[in-house]
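J.: The residues making up each chain are set out below.
There are 2 protein chains.
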Amino acid sequence: MLQLYDKLLELPLFIGISTDELSDIVGQTKFSFHKLAADKPLVSKEEKCTQLFFLMSGTLRVVSYADSHRYRIEEELSAPAVIQPEHFFGLMQRYTKDFTAQTDCSLLSLDKSEVLRLLDNYLIFRLNLLNCISMQAQRMGRIPWRQQSDDIRQQFVSFLRLRCLTQAGHKVLRIKMEDLAHELHQSRLNISRMLNDLQCEGLLTISRGIITVPQLEKLR
Amino acid sequence: MLQLYDKLLELPLFIGISTDELSDIVGQTKFSFHKLAADKPLVSKEEKCTQLFFLMSGTLRVVSYADSHRYRIEEELSAPAVIQPEHFFGLMQRYTKDFTAQTDCSLLSLDKSEVLRLLDNYLIFRLNLLNCISMQAQRMGRIPWRQQSDDIRQQFVSFLRLRCLTQAGHKVLRIKMEDLAHELHQSRLNISRMLNDLQCEGLLTISRGIITVPQLEKLR
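Chains as they are written, first to last, in full-length UniProt numbering: chain A, 1 to 220; chain B, 1 to 220.
Treat each hint with caution, since some may be false.
To be verified - Which bits of chain A does chain B cover? Going by a derived footprint, with three or more residues having C-beta under 8 Å, they are:
{"#": "1", "segment": "5-18"}
{"#": "2", "segment": "38-49"}
{"#": "3", "segment": "84-97"}
{"#": "4", "segment": "139-145"}
Stated by the list, open to error - Some chain B residues flagged as far from chain A (calculated, every beta-carbon gap over 12 Å):
{"#": "5", "residue": "Leu22"}
{"#": "6", "residue": "Asp24"}
{"#": "7", "residue": "Glu76"}
{"#": "8", "residue": "Ala79"}
{"#": "9", "residue": "Arg153"}
Stated by the list, open to error - Anything over 10 Å on all C-beta distances counts as not near chain A; from chain B, calculated:
{"#": "10", "residue": "Leu11"}
{"#": "11", "residue": "Ser23"}
{"#": "12", "residue": "Gln154"}
{"#": "13", "residue": "Val157"}
{"#": "14", "residue": "Gln167"}
{"#": "15", "residue": "Glu178"}
{"#": "16", "residue": "Gly202"}
These are computed hints drawn from the structure, not numbers from a lab. Ideal placement from N, C-alpha and C gives every residue a C-beta, glycine not left out.
Based on the sequences and whatever the hints tell you, model everything.
T.: Pasting the structure below:
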């Protein structure tokens with residue numbers, strides 16, 4: 001139980017909660033516990049968000065798809081993390097990405113009724129959730145107004161960063177060269193040159209339709 | 001007072017609240033009342049969000065700026081409306097647009113402490129705010145994944161729609177032709193042809209650096 005306390009305090013939604021309140025929460029809240037073996041799916045794109053999942057240990061593989069399904073991005077999400085809290089309320093209460101266990105994972109989940117109870121009873125939980133969703137809305141709302149780079153390498157880096165859940169770590173972009181050229185409004189030749197330059201610098205590797213970036217934080 | 005009741009019920013944050021709860025809210029909440037004469041500013045970009053403003057009657061002029069300040073969009077926001085509720089919590093508790101009275105306006109506002117009290121006491125208000133901010137985060141989060149059009153006219157329409165607060169009504173885009181060409185990754189000549197075509201169809205008017213769209217909903 002002590003371990004659960006410490007883990008919960010690392011989660012963005014429980015940050016700043018006092019020890020007294022936390023023991024109260026742990027005592028009264030119906031957390032469900034889940035173990036997920038490597039390669040087992042947690043939730044899929046379009047599935048309904050009926051529970052709020054907290055990743056307590058392990059790493060999830062997250063796959064995001066373009067609406068046209070012409071490309072997708074795979075990335076890793078390590079504990080502690082909350083799974084798409086911005087889709088728990090609002091009009092689109094469905095996940096927009098696939099989440100699969102990369103390593104063995106342990107998770108906690110809360111039913112909607114339990115989340116509503118926590119929101120009702122604990123000011124800090126309520127503020128943490130409001131802050132968390134507001135930050136998402138604010139960050140995404142500023143994106144259309146950002147300055148566009150003239151540099152094709154910067155355009156590619158922005159393309160990737162904008163679509164990744166986290167801004168660091170291992171990313172795999174599965175896209176055909178012509179689709180990437182189309183997305184960046186560049187010629188196929190220019191795209192191919194830019195990617196080869198990045199490969200020479202050791203920042204990514206290219207094979208048929210797969211661009212692997214070992215550390216997104218190094219790609220600038 | 002009866003009029004205030006009816007007006008509040010039209011606001012997204014009070015939708016679905018029962019008459020009993022509403023009379024409770026109106027009785028116990030310290031609403032501030034504001035009259036704003038035409039052309040007077042309400043709040044400016046970068047100003048801190050310390051109050052939640054509700055536009056109860058009249059029309060505001062909203063100006064949004066690109067980060068580079070190379071272009072801006074002016075639009076109108078009519079009552080009833082809430083001013084940037086997604087900036088009331090989170091990391092960036094500042095307005096990102098200028099709001100000025102277009103006509104004489106009347107507004108209500110709530111201090112942060114009053115908003116926190118409403119969130120604490122009224123489930124529906126809490127859900128409405130969570131829904132409202134979640135919808136913003138969801139809508140903006142899907143944008144990078146949308147399919148890009150090859151058609152320059154569609155690209156221009158998407159450019160405008162993506163940056164407008166409302167998807168209908170009168171919009172003014174102030175931008176130099178070369179900056180628009182840069183934003184859309186097109187040649188100046190193609191941009192100029194496309195805009196002239198739209199002007200011929202009566203969908204917009206162009207003058208030096210000013211593109212006026214009388215009804216965005218007609219521009220497709």
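J.: Now look at each hint and say whether the structure bears it out.
T.: Evaluated hints:
no., hint, result
1, 5-18, "violated (count 0)"
2, 38-49, "violated (count 0)"
3, 84-97, "holds (count 8)"
4, 139-145, "holds (count 6)"
5, Leu22, "19 Å, holds"
6, Asp24, "17 Å, holds"
7, Glu76, "19 Å, holds"
8, Ala79, "22 Å, holds"
9, Arg153, "15 Å, holds"
10, Leu11, "17 Å, holds"
11, Ser23, "22 Å, holds"
12, Gln154, "13 Å, holds"
13, Val157, "14 Å, holds"
14, Gln167, "14 Å, holds"
15, Glu178, "12 Å, holds"
16, Gly202, "27 Å, holds"
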